[in-house]
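Undergrad: Heads up: the sequence shown runs through residues 1 to 123, numbered per the UniProt record's numbering.
Possibly wrong hints are sitting among the right ones.
Said to hold, decoys possible - Straight-line Cα separation of at most 16 Å, EDC-like style, residue types lysine to aspartate or glutamate; simulated pairs: (1) K115 <-> E36; (2) K5 <-> D71; (3) K99 <-> E83; (4) K115 <-> E34.
Just so you know, these hints were derived from the structure itself, not from any lab.
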Amino acid sequence: MAKEKISADQLISVIISGIEDVKGQEINILDLREIENTVCDYFIICEGTSNTQVNAIVNSVQKKVSKELRDKPWHVEGEDNAEWVLIDYVNVVVHVFQKHVREYYDIESLWGDAKTTVIETSY
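Start from the sequences, fold in the hints, and give me the full structure.
TA: Given below as structure tokens:
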């Protein structure tokens with residue numbers, strides 16, 4: 001049985017929901033499709049306040065995507081120190097930072113040509 005293709009919009013929606021379930025902060029979506037030579041179509045960037053919250057966000061995203069879309073990441077990196085965890089779903093890459101690490105690397109500025117969508121949270 002062939003696996004049903006998951007749209008980027010479906011995946012992004014479930015990822016955002018997973019981040020919000022554990023109160024991830026400062027959620028941005030960077031649309032990279034108009035930029036040449038990118039490794040994926042979208043970055044989703046958010047932050048947690050501690051190692052524990054960063055890990056909770058990562059676990060929440062993975063569980064929600066697995067349960068709702070029956071998909072798992074191609075690669076996950078950075079879980080050991082939980083300051084910057086990257087979850088790679090091939091076309092959508094999720095970056096979960098602690099605030100100080102996010103400010104230091106400032107990947108939103110590095111990808112300044114990308115169309116950015118800020119997700120408003122109610123918490």
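Undergrad: Mind checking the alpha carbons of K99 and E83 for me, to see if they're no more than 16 Å apart?
TA: holds (9 Å)
Undergrad: Checking one constraint from the list: CA of K5 to CA of D71, max 16 Å. Satisfied?
TA: Status holds; Cα separation ~10 Å.
Undergrad: Between K115 and E34, does the CA-CA distance stay at or below 16 Å?
TA: Within the cut-off at roughly 9 Å; holds.
Undergrad: With a cut-off of 16 Å on the C-alpha distance, tell me whether K115 and E36 pass.
TA: Status holds; Cα separation ~13 Å.
In summary, the structure agrees with every hint in the numbered list given earlier.
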